[in-house]
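Model the full structure from these sequences, guided by the hints.
Chains R and H, in that order, give the protein sequences. Taking the UniProt record's numbering, the leading residue of the first sequence gets 1, the next gets one more, and so forth. Taking the UniProt record's numbering, the leading residue of the second sequence gets 1, the next gets one more, and so forth.
By construction, these hints were calculated from the structure, which means they are not laboratory data. Hints may be right or wrong, so weigh each one.
As the list claims (entries may be wrong) - Derived Cβ-Cβ restraints for the label pairs, each shown as a range: (1) H:ASP306 x R:SER244: 52 to 62 Å; (2) R:THR105 x H:GLU12: 36 to 46 Å; (3) R:ALA195 x H:ILE117: 39 to 49 Å; (4) H:SER8 x R:HIS165: 23 to 33 Å; (5) H:ASN225 x R:LEU124: 48 to 58 Å.
Even for Gly, the Cβ is constructed at its ideal location relative to N, Cα and C.
Protein chains: 2
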Amino acid sequence: MENIVDVSSAYEGIKCFITKTPLLSDDFIDKSLSCKVFFKCENFQKIHAFKVRGAINAVRKLPDKTLKLGIATHSSGNHGQAVALAARLFNTQSYVVMPENSPKTKIESVRWLGGKITFCAPTLEARESTLERIVSETGAHFIHPYNHPDVIEGQGTCAYEIFQHGIEPDYLLVPVGGGGLLSGTLLAALRYAPATKVIGCEPANADDALRSLRAGRLIPVDKPNTIADGLRTSLGELTFSIISKHVTDIFTVTESEILEAWRWITFHLKVIVEPSCAVPVAVLLKHKETFKHKCVAIILTGGNVDPDMLKLIL
Amino acid sequence: MENIVDVSSAYEGIKCFITKTPLLSDDFIDKSLSCKVFFKCENFQKIHAFKVRGAINAVRKLPDKTLKLGIATHSSGNHGQAVALAARLFNTQSYVVMPENSPKTKIESVRWLGGKITFCAPTLEARESTLERIVSETGAHFIHPYNHPDVIEGQGTCAYEIFQHGIEPDYLLVPVGGGGLLSGTLLAALRYAPATKVIGCEPANADDALRSLRAGRLIPVDKPNTIADGLRTSLGELTFSIISKHVTDIFTVTESEILEAWRWITFHLKVIVEPSCAVPVAVLLKHKETFKHKCVAIILTGGNVDPDMLKLIL
Chain R
1 MENIVDVSSA YEGIKCFITK TPLLSDDFID KSLSCKVFFK CENFQKIHAF
51 KVRGAINAVR KLPDKTLKLG IATHSSGNHG QAVALAARLF NTQSYVVMPE
101 NSPKTKIESV RWLGGKITFC APTLEAREST LERIVSETGA HFIHPYNHPD
151 VIEGQGTCAY EIFQHGIEPD YLLVPVGGGG LLSGTLLAAL RYAPATKVIG
201 CEPANADDAL RSLRAGRLIP VDKPNTIADG LRTSLGELTF SIISKHVTDI
251 FTVTESEILE AWRWITFHLK VIVEPSCAVP VAVLLKHKET FKHKCVAIIL
301 TGGNVDPDML KLIL
Chain H
1 MENIVDVSSA YEGIKCFITK TPLLSDDFID KSLSCKVFFK CENFQKIHAF
51 KVRGAINAVR KLPDKTLKLG IATHSSGNHG QAVALAARLF NTQSYVVMPE
101 NSPKTKIESV RWLGGKITFC APTLEAREST LERIVSETGA HFIHPYNHPD
151 VIEGQGTCAY EIFQHGIEPD YLLVPVGGGG LLSGTLLAAL RYAPATKVIG
201 CEPANADDAL RSLRAGRLIP VDKPNTIADG LRTSLGELTF SIISKHVTDI
251 FTVTESEILE AWRWITFHLK VIVEPSCAVP VAVLLKHKET FKHKCVAIIL
301 TGGNVDPDML KLIL
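Structure (structure tokens):
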């Protein structure tokens, strides 16, 4: 993988389609934690999530004859929007299988971006069988949300942009769900910021990455009960192999730590972010001594949250 | 005024003390309004408000013998924090007179920045008499929140930064309270973006700028009842003279339009902003036909809002 993934050329390929998101910091945050923290704000990215990076990178590499039949995926969240946007940018049709209990804002967004939605029951089996049917009916090309080299390569461009700012942090804190972002980040750091320690941040209630790494084999999480909806998925074979080889550590946080960190980051940094973003922030707040007097970067992965959810932190 | 204000040299003087705030835009916003909108995000500025620009610019120009006696102001809000930060940057003491009903977050912030707070009754008379006493006791130099050439010059650097991005919008929408930001913006546009039409945006319930301009004389607003707490102040002599000479127009919006726009900008742009920022956004939403197919820039002035207030839009 290290040899086939080229984050720098992925960045050249996608940069005119994405937003160069700001890297924010805050005096109060730095002073109260005695460290320097940069927040890479992917909540300001296209479709308000980093997922466009991987989707666009995967779609741009498809040959024309594949592309013209359309692209397909299943997603309850940001990857569906990312695929719909990538399809629109490259003038093809997207087919998105969505569980019928997906957040309303995400359903509306996929539709607004021109995606054809097929609803299914909210189980992995229903998602996969429905997708299989759509693919066989249309000939559309399936783009996996994370277990895919081009997707991983694309997600790596986010950390690459941080390093391009001239910043090589001591620590880079990244949330882990399926592991696409963490894998891409690890491969980007390996090449462009080798001294940076990359930490995967996971809800304790969806700690499949930690368990899998300890066991040395994939242990998917069963019915994870976490507010961090973007991190309920489990690692895939490919992301597991990259993460287990390169990650410095995996830190977990409880649901109450996530909620507290979500409120803290919202009102100190003045951003609307998804609860998944609060997971690395909770790690920062929980391990103050580890990060003291260090330079830390955190990827805030997205901002798609229903207003009702936000009531939890007011 | 046009001759003594030099926004470009103010920018050179303050730029290493402030944050170069991002200029955000959003595909959905642009497509749904059929125009291109840039948001200058001063909610990510130092102390999370544009007010630092004017305060730092005024303080940096003081002679050492004045500076060493300290600086003073009265403020229920962001100007108090701005003065406290400016004082700390230039190694002097700040004295801030605050009405006893000021928002808790702003009181804490002034204190955290090293400001000495004196509380007073929440009336203009009490603020002014308390300030007068502090100034006579300490010899501190009073910095007015808006009716001051150096403050106006500093506030003009915000629009100047927009123009420095290479953007010369058709319209620039700016909220009006005391008029410092609008005056500075007008003087910056006059010199660096002469084709840009600058519109002052005001709550209908605090429409002293509109009334004063129509009458040709200052008509301060009496007990304004608006959620936009940053815009409850009335124009001063100096800001009135600049605004009446150069502004393209003043547009007003109702309280329900402000609330609706506040919710809209929070969830579409993914930012925490003060309700005052919703006033120009409400103008954008109300006058869609005026801005159709145009390039519009809006200054989002700050992000200091109590969590409780935010409940109003969830």
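Now the hints, each set against the structure:
1. The beta-carbon spacing between ASP306 (chain H) and SER244 (chain R), approximately 45 Å, falls outside the hinted interval of 52 to 62 Å.
2. Range check, THR105 (chain R) to GLU12 (chain H): about 43 Å between beta-carbon atoms, so the 36 to 46 Å window is met.
3. Distance hint for ALA195 (chain R) and ILE117 (chain H): a CB-CB separation of about 44 Å, consistent with the stated range 39 to 49 Å.
4. Separated by about 26 Å at the C-beta atoms, SER8 (chain H) and HIS165 (chain R) satisfy the suggested range of 23 to 33 Å.
5. Here the CB-CB span from ASN225 (chain H) to LEU124 (chain R) is close to 54 Å, well matched to the stated 48 to 58 Å.
In terms of the numbered hints stated before, the structure departs from hint 1 and from no other.
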